[in-house]
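Undergrad: Chain by chain, the residues run as shown.
Protein chains: 2
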Amino acid sequence: MSLHPTIPASKVEGTAVYNLDGDKLGSIDDLVIDKRTGHVRYAALEFGGFLGIGTDRYPLPWHLLRYDTTKDGYVVNLDRDLLTDAPRYARGTEPPQTDDYGRTVFGHYGFDWQS
Amino acid sequence: MSLHPTIPASKVEGTAVYNLDGDKLGSIDDLVIDKRTGHVRYAALEFGGFLGIGTDRYPLPWHLLRYDTTKDGYVVNLDRDLLTDAPRYARGTEPPQTDDYGRTVFGHYGFDWQS
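Top to bottom, those sequences are chains R and X. The opening residue of the first sequence carries number 1 in UniProt numbering; numbering runs sequentially from there. The opening residue of the second sequence carries number 1 in UniProt numbering; numbering runs sequentially from there.
Quick caveat, the hints were computed from the structure, so don't treat them as lab data. The structure presented is a predicted model; accordingly, all values stated were derived computationally and were not measured. Mixed in with the good hints there might be a few duds.
When chains are identical, the list treats them as one kind, so a pair holds in a single copy or across two.
What the hints assert, rightly or not - DSSO-like cross-link-like pairs, simulated, lysine-lysine; straight-line CA separation at most 30 angstroms: (1) LYS11 with LYS71; (2) LYS24 with LYS11; (3) LYS35 with LYS11.
With the sequences and hints as input, model every part of the structure.
TA: Listed below in structure tokens is the structure:
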């Protein structure tokens with residue numbers, strides 16, 4: 001077993017995302033990385049209409065996502081209430097690639113942007 | 001100034017890569033990330049025929065690449081000798097996404113895969 005399996009970023013796009021009950025919520029639309037460190041900061045999720053959420057992209061702090069080898073996808077513990085007023089942007093648009101925006105996204109989910 | 005400027009992984013593809021003299025070597029074809037930690041492990045470079053290297057992809061440990069905001073691209077200190085027998089794979093193919101392959105790539109450039 002490979003302890004550090006890798007995957008091309010181009011293939012992460014489209015990887016399924018599940019909730020804790022194993023329901024498929026949607027998939028990853030893109031990864032957003034720190035230009036210098038190369039760490040993925042957040043993943044942009046598209047929910048495919050789940051919960052009537054439509055096609056907006058929801059940036060989620062990377063550490064919310066746990067990779068599950070048995071599912072070959074990511075699992076996330078997402079409460080619907082958290083999504084109601086969560087940061088989002090329309091498909092085809094791009095949010096600011098700044099610390100301010102990162103802080104907004106991380107803050108919403110209770111994470112520290114610099115950590 | 002943003003201390004942690006971000007960029008969508010989908011946009012890193014195509015970002016220019018320069019040598020220390022400022023010559024453009026080629027561009028990034030893809031990023032390869034650790035599925036679990038979300039850290040970019042290496043970048044696949046295509047040299048666009050530079051040095052007669054053709055269209056093979058050269059995986060380079062991420063830490064060899066330094067992001068240069070003035071160039072809006074990455075700078076790498078690459079000795080031609082290091083490239084002669086460097087790990088590479090043909091365009092359109094994919095190397096094994098395993099620790100073994102990572103070790104081979106990192107080892108070639110003097111890096112420790114687990115570090």
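Undergrad: The structure should be examined with respect to each hint, and the outcome stated for every one.
TA: To see whether the hints hold, each was checked on the structure:
1. LYS11 with LYS71: Answer is both: 15 angstroms inside a copy and 28 angstroms across each meet the 30 angstroms cutoff.
2. LYS24 with LYS11: Both ways: LYS24 and LYS11 sit 18 angstroms apart in one copy and 27 angstroms across, limit 30 angstroms.
3. LYS35 with LYS11: Classified as both: same-chain Cα gap 19 angstroms, cross-chain 11 angstroms, threshold 30 angstroms.
Violated hints are absent here; each numbered hint is respected by the structure.
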